[in-house]
Each structure stands twice: as C-alpha cells, then as structure tokens.
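4 protein chains.
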Amino acid sequence: MKTGRLEAFSDGVLAIIITIMVLGMSAPEGYHFEALKPVIPSFLTYVLSFIYVGIYWNNHHHLFQAVNRVNGKILWANLNLLLWLSLFPFATDWLGKNHFEANPSAIYGLVLLLAAIAFKILVICVIKSDGKDSHIGRIYKKDKRMNWSLILYAAGVLLSFLFPIVSLCIYLGVALMWIVPDPRIEKTIK
Amino acid sequence: MKTGRLEAFSDGVLAIIITIMVLGMSAPEGYHFEALKPVIPSFLTYVLSFIYVGIYWNNHHHLFQAVNRVNGKILWANLNLLLWLSLFPFATDWLGKNHFEANPSAIYGLVLLLAAIAFKILVICVIKSDGKDSHIGRIYKKDKRMNWSLILYAAGVLLSFLFPIVSLCIYLGVALMWIVPDPRIEKTIK
Amino acid sequence: MKTGRLEAFSDGVLAIIITIMVLGMSAPEGYHFEALKPVIPSFLTYVLSFIYVGIYWNNHHHLFQAVNRVNGKILWANLNLLLWLSLFPFATDWLGKNHFEANPSAIYGLVLLLAAIAFKILVICVIKSDGKDSHIGRIYKKDKRMNWSLILYAAGVLLSFLFPIVSLCIYLGVALMWIVPDPRIEKTIK
Amino acid sequence: MKTGRLEAFSDGVLAIIITIMVLGMSAPEGYHFEALKPVIPSFLTYVLSFIYVGIYWNNHHHLFQAVNRVNGKILWANLNLLLWLSLFPFATDWLGKNHFEANPSAIYGLVLLLAAIAFKILVICVIKSDGKDSHIGRIYKKDKRMNWSLILYAAGVLLSFLFPIVSLCIYLGVALMWIVPDPRIEKTIK
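Chains as they are written, first to last, in the working numbering: chain E, 9 to 198; chain W, 9 to 198; chain B, 9 to 198; chain H, 9 to 198.
Careful, some of the hints might be misleading.
Given that identical chains are not distinguished, each listed pair holds provided it fits within a single copy or across any two copies.
Said to hold, decoys possible - Lysine-lysine pairs mimicking DSBU-like chemistry, simulated, CA-CA at most 35 Å apart:
| id | residue 1 | residue 2 |
| --- | --- | --- |
| 1 | Lys128 | Lys149 |
| 2 | Lys128 | Lys45 |
| 3 | Lys81 | Lys45 |
In short, the hints are calculated from the structure, not lab data.
This is chain E alone, in the form it adopts within the complex (with noise of 0.2 Å):
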C-alpha cells in the first residue's frame, strides 16, 4: 500500500480531532464577561491540546515523507496512535473543567504518554519495515526527544498528585520543545 491514503486519513481524523476540541468550550448561559470566567481554563487547555496536536500532525508529516511503503503493522500502528490521540478532546475537556485538580491533569499526562508511546512504536515499525541505515532509522537512532518526553510525562502524571500546577508546566515544557521543527528530518530528506 502506497502512504498517500494512510496520509489522507490521519491528516482527517487529526482535522476533525483538532477541531472538535472546540467543543468542549460551550457557550455560557448569561451574556456577562463574569460568565466567560469559567471558560478561560477550558481555553488555555484547549490551546495547549491544539498545540500537541499541531505537533503531532507536523511529525506524522515528516515521519511519513521518509517512507515509502506502509505494511500492516505499520497500518495498525497509526491506528493506535489515532486512538490515543483521539481521547484528547475528552482529556482537555475534563482538565478544561476541573480547574487544574490533580486527578484530570494526571489523565490528560497519561493521555499525551500513551501517545507518545504509540508515536514511538510507529517510529519503530516503520524502521524495521525501511531498515536501520534509512533515513528515519538514522534520524531516531540519536533521537533524545522522543525519550526525554516519555520520561517527562510520565513525571508529570505523578507529580499530578502532590503539584498538579507543576505537571501543567511540565506539558507545557514539552510541547515548546517540540514546536521548533526537528531540523536533522528536514537535513536528511533535502
């Protein structure tokens, strides 16, 4: 199978991901500025949330302009990576609603671990499919983000529970990590 419509796919279903989020931020009741008060949280969530989905969307990109040939396994894989990223409405909803408590900002951490365990076992699907002296092979063989990011959220989710302004912190940490476009993809395909 060719990566056109595996691409076409999850470009939809992170759309449609991306932008159903928004609803999560329902209208308030009265028309007073006292009634947007309780929205803000659910807004600085939400940006967060679009924020790691831009960047997911942006790695997918890259990840699969350096293949060529997508098997089953490969298949199943973005699937799964899908399914977990799928949850992050409901994730940035609760956490959007509960004020930042402990116990929905350890779910939203074990929602962005997960996928990025997903993330990681597509990575490693699509090196053993390509080899490991192709490109992405050589990529993520001095890829330091991918494991420093599990580990961070996987602090973050315990921390959730002594410090959950801290984990807040710490996803917001990782994401700006990200955003800056990993230059050594972009060097390896030009």
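Place chains W, B and H on chain E using the hints.
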C-alpha cells in the same frame, strides 16, 4: 467515474465517524477518579468500535485498490455501507452507557450485521462490474471470513437476550479475526 | 482557479454534514426497546436526509466533472449551496423529534427548496462561464427533473399545513427520482 | 515541505469549522413556529460566520497558490490562524444566543480581529520566505483591505459597548468588502 473521489469521500466520512464516536464519552461532572468509573464501559465500547471502523477503512481501501471504474450501482452500494457505518456512534453510545445490557448489545450487533451485509452487497456489485475472473472476483470467491462474520454477528444478536457478555466476546473475536489484513488480496495485487 | 480544491473542500463539507446529522439521534436514557421508540422517526428522517446529501454529492460531482475552470461567481454560488445543505442537520433534527408535525415538515421542505434553488443558481453560473454549447449547457437545457423538484418541494411545503404525511411522501418521491444517476451527463462525458 | 499537505489539512479544518458551527443552532423543543423565534438570531449569526470562513478559505487558497515552499515558521503561522478560526463556533454560538448584546458582540469582533492579525502574520512569513519581489510580495504591498479590516474590527469591538448593533453592521460590511475575490492576485497569477 474514477474511484478517486469516491475513495476520498468515503475516507472523509470514515474519519469523521471514527472521531465523532469519542463524543459519546463526555467528561464526567466531578474531578475524582470515582467520576471516571461510568466512563470506563463507554471507553471500552469506543475502542471496540474504533477497531471496527479501522477494519472497514482497511478493507474498503483494499477493495477499491482492485477496482478500476465506478458505476451508479457501486456508488449507491457504497453510500448504503456508509449509512450503516454512520450508526456506529449511536450504537456505541447506547451500549457504552448501558453497561452490557441485553438490548443495547443486540442493537450493536444488528448494526454490525447490517454493515457487514452492506459490505457484501458492495463486493457483489464490484464483482458484477469487474467480472468473476477479475482480481477481486477470485479473491472473494474463496473468502470465508465474510460469511463467517455474518453468521457470528447474527448469533451475537440472538445471544444478547440470554448472555450479553457472550455477544460482546463474539463481536471482539470477529474484530480480532479481521485485524490481520487479508494476505490473499495483498498477494493478488502484488 | 482549478476545480480540484473546490471539489475537495465541498467533499469535506458534505462528508461532515452527512455524518453530523447522526448526532441528532442521541442514545436514549433507558436500555429497554421501549426507549428506542422515540428514536425511530429520527432514524427514518436521518435516512431520508442521508439519501439527499448522497444525491447532492453525486450531482455535484457530475457537474464539476464537466467544468474546467472556476471563477469568483461559481465559488460563491458553491458556498451558497453548501450553506443551505449545512442546514440539513438542523431541519432533520427538528423533523425527527416532532413526529411528522406540520411546521417541522414545512421547514424541512423549505430547506430542500432553498438548496435546490442554490444548485440551480450554481448550474446557471457554470453555464454562463462555460457557454450554452458546452457539455453542461446542453445537458441542463433538456433537464426537467430540476424544475420538477422545485415545484414538488414548494408543493410539499404548502401541503405540510394540511397533510404533513403527504409532504413527506413527496420529499421521499423526489429523492427516489434522483437516485438514478443522470444518464445524459454520463453519456455526454463519455 | 510542499504546500499540498498543508493546504489539505487546512481545508479539512476549515470544512469542519464551517460545518460544526451549525451545531450551535439546536432544534427547538416545541413544534410551533413560535419555537423557532429564538433560533433566528443564531441563524443570522451563523450565516455571517459562514461567509467569514468562506472568505478565509478563499484568501487562504489564493495565498498558497502563489507559494512554492513551506518552512517551519509558515507552518506554525498557519496553525496559529487555524487556532483563532476554530474559535468561530464558540463566538458565533455565544453571539447568536445573546441577541446582539454588548459583550458577545465584543468577543465576536475580538476573534475576528485576532484571526485577521494571524492572517497578516502568515502573509508576512510567506513574504519573508519568498522575497519582497515575489508575486505575493507585490500584491500585498498595495493591499489596503487587510489593514482597513484590522482597524474596522478594532472599532467594532470598542463600539460594542455603546451600540452593539453598529458593531454587527461593521462586521457585515467588512465581510461584504472581502466577498469580491482580490483581482490583483488573480491577475498576478495569470
């Protein structure tokens, strides 16, 4: 008509179905883990339906890879399939919110059954158009998974009224049977 | 501008409309079959609207297959069509939840009528751009189905206030009239 | 990176935004025309937002038709634009449900303003990448509509607190100003 736009439209509908289903899992009121408990069966049902839509996307993709031209009958057979697949969010939501009760389990199985029949009709339309000696004709001639699925879904619907838990195991079992991509089609295409 | 991106955007909007309509069928509270009863009219209305969106997708596809270039007028005529089609979920929801009452049936017919007028405007814009002797000009010159639909929708709206059940039969009848793809266009294109 | 996948992803997000906004217009409880009355302002606001998303889709399309390559800055400037556009359903819903009150009207104008600033940033990133003498550089050098829009949106936000009805007229006026596609870009491309 070429298959391109039909595939793109179907991909769009499938991407939306798979993502919209997650809206059935609404964020709970409280912020304790207790509040998450009623969400767990919704989540498990969501994962099962997610796998099913993934399977349909995969099989749909394989089917149309082997098709060259689309006529009016194929077009409406395809829309018929999409109609039944679009009921997945409804059936998933009802099953998830009524923890393994008889009726929601029967309706869920009925939707699976009707979608499977719609897929079989689509395959028959394609074979009629391409001829029995075409790739797709030869592949589905020896296909026993499709007929087995129909029988198992029907059994699942009936068993719902006695042991809903058994029905759910059947639905899960059929899904696992399909996760492996059909090697016959992949071979024939290569 | 080429037709490609306009078709892709319209496909996206139509795919979302056709899928979002199913959200009007919310899972009932209880888990008995009794609880499904109020969902049945919603389901039947959903199927009717699903067929209509399928018809529009089909006709839209046929129309733009015969078009080469898109100008500003065609672009806005197309957005005008999408606007009225995007009201299908609303009209479907209201009709489905008010089992065949006069007013929801009139509004449903009105949305059908306005969408049909928008499609006619789009066809006129395309013919103006391509010329009366173009493929599409010749096809729609002898097209009586479009004008008949307009008359029948208008009749349906008016009859809603007397016999809503008759209006619904008219809406269904017009849909069936369109399910057969237009052989004149298929012929002219070939 | 080529512009293709960025355009496809943006198209997907815009198609979903334009369609999801209609969910703000929920079907009324009763079945009398009386019950439709509170839906009318929601409908009018929906039409206005629909036109705006149509304009952004159109301008976005024109912009990227003139662009050859996408770098990381353009990618994130584009996601920034999509973020503010994704707030349209929220702002539309709040304005539509609070018939032309001061605060919802101000928030609606603020979202328009921030989306317009995001579009300006995107244009600047594109010009930086393509050079001032590029097609797009020359076009936007003499563009006064973009700056006028920013001023008018800001005026609309401030006037909301005095005469919300005037603000809404401004928002409508700016939309009408943009409906005509920019002849300078079309000319330059040809």
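Unsatisfied constraints (hint numbers, rising)
Structure breaks no hint.
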